[in-house]
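J.: Now for the letters of each chain:
2 protein chains.
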Amino acid sequence: METQRLKLIVAYEGTPFRGWQSQRGGGAVQDVIEAALLDTTGQPIRLHGAGRTDAGVHALAQIAHCDVPRSGIPPAKWRDALNARLPPTLRILRSSPARPKFHARFDARGKIYRYRIWTSDVLPPLEHLRAWHLHGPFDFAALKRAAALLTGRHDFASFAANRGTGPVDTVRTIRSIRILRRGPLLSFRFEGDGFLYKMVRLLTGSILRVAQGKNDLAWMERLLAEPGQSKSSHAAPAHGLYLDRVLY
Amino acid sequence: METQRLKLIVAYEGTPFRGWQSQRGGGAVQDVIEAALLDTTGQPIRLHGAGRTDAGVHALAQIAHCDVPRSGIPPAKWRDALNARLPPTLRILRSSPARPKFHARFDARGKIYRYRIWTSDVLPPLEHLRAWHLHGPFDFAALKRAAALLTGRHDFASFAANRGTGPVDTVRTIRSIRILRRGPLLSFRFEGDGFLYKMVRLLTGSILRVAQGKNDLAWMERLLAEPGQSKSSHAAPAHGLYLDRVLY
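Going down the list, the protein sequences come from chains A and B.
Residue numbers 894 to 1141, in our numbering, belong to the letters of the first sequence in order.
Residue numbers 894 to 1141, in our numbering, belong to the letters of the second sequence in order.
Among the hints, a few may not be true.
For identical chains, the list gives no copy identity; a pair is met inside one copy or between any two copies.
Below, simulated SDA-like cross-link-like pairs (lysine to any residue); rule was C-alpha separation at most 25 Å, straight line [to be verified]:
1. K1037 <-> S964
2. K900 <-> A1001
3. K970 <-> S1013
4. K1107 <-> A1035
Just so you know, the hints here were simulated from the structure itself, not pulled from any lab data.
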């Protein structure tokens, strides 16, 4: 059967799904889209995402690719064909033809993640499961210094959870960490060439430890200087994290 | 027992509740807060809201009052006492002492509602149940003229659903309708001295009928000129509506 490679822009609310990656028993975003592909074509079709997101993590524009039968639905129409079979918390924003060798994960040059923190006493209901509710006071000068320290090329082994897949290269480049404050909302925008497992949540949680004065900058410097010798255990919760964009 | 009048600023996501007003069988916002008041004090306490919102309608700052025992919890601390007993989709943003005759509903000088419409092909998952998904194209000049026509003092009987409570005064003043466009998001901000039952949803739905070219301005003029002779049946869905503020 002749196939056509398809590039999908995928958005989801993280709460109802068991993360991106296919799970035994289903319920992951990948499972749900693969079920829609099977339902549309009658054939099992494998979906490849640019990056795995954990349960609870949201995506504004995850990228995925798959090979679909060439005859039948035109590439741009796959969006509607799949959306008709997906829940409203999971949407294909766009489907387009990709070159035969395009790979959503291996071709990615970088990623942008955002992390949202709500800092006032009460979390507004519309922010429930969409931001981390964390009280101040924060030392914003220390917060900025911590973010500056992490920016650049480092071995981030101390800011990664083990995935149980043997030794991996843990050197990554964080191109920028932008800090935004708007009223009680504090948010981070991380841009980097790639991120290790749980890395953005560990970076965020660790920056906030410093901002709260619970750890000092020397602690963070040590974690960077002696990669993996000890690890930060301060991961921010999944529901404040957003995969914003994949860069090619 | 000596009591103290309390003013509450209340926010909720509309989706999980059966509207504001107490329902047989419970499940309304008022029921849930009254249950928390009973649980806190051991006494049935009646809550009075500034305005009823329908099931699915959100509130950023609904106002309510109630009389609580004077001894015990200080007024500002009722916020935390109640929040500990409320679901995260319903929050008391602030509790404060009110003068003995303060009435959340009768003292209100006006209200601000917002209505959010998402106009692109696909509704992003994070907008699910938070905006009305309505495709264009829209005639924005006609939309603005329709909004201008509705602004001011009118008998809005044609833009109200019957509540089955006999004849009511259906004259209201809309002080302003502001139209905001940001990318695919179109939103309205209605400020008025008061709104009839389903009025904001009927105004929004009717303005959009004109913007889509499905009805003309003459139709809207007729509905205003002959109040209640015929009625607009084009109510926008509840989940795009937000009670933003109550003015005193």
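J.: Going back to the hint list, which numbers does this structure go against?
T.: Of the numbered hints given earlier, the structure breaks just one, which is hint 1.
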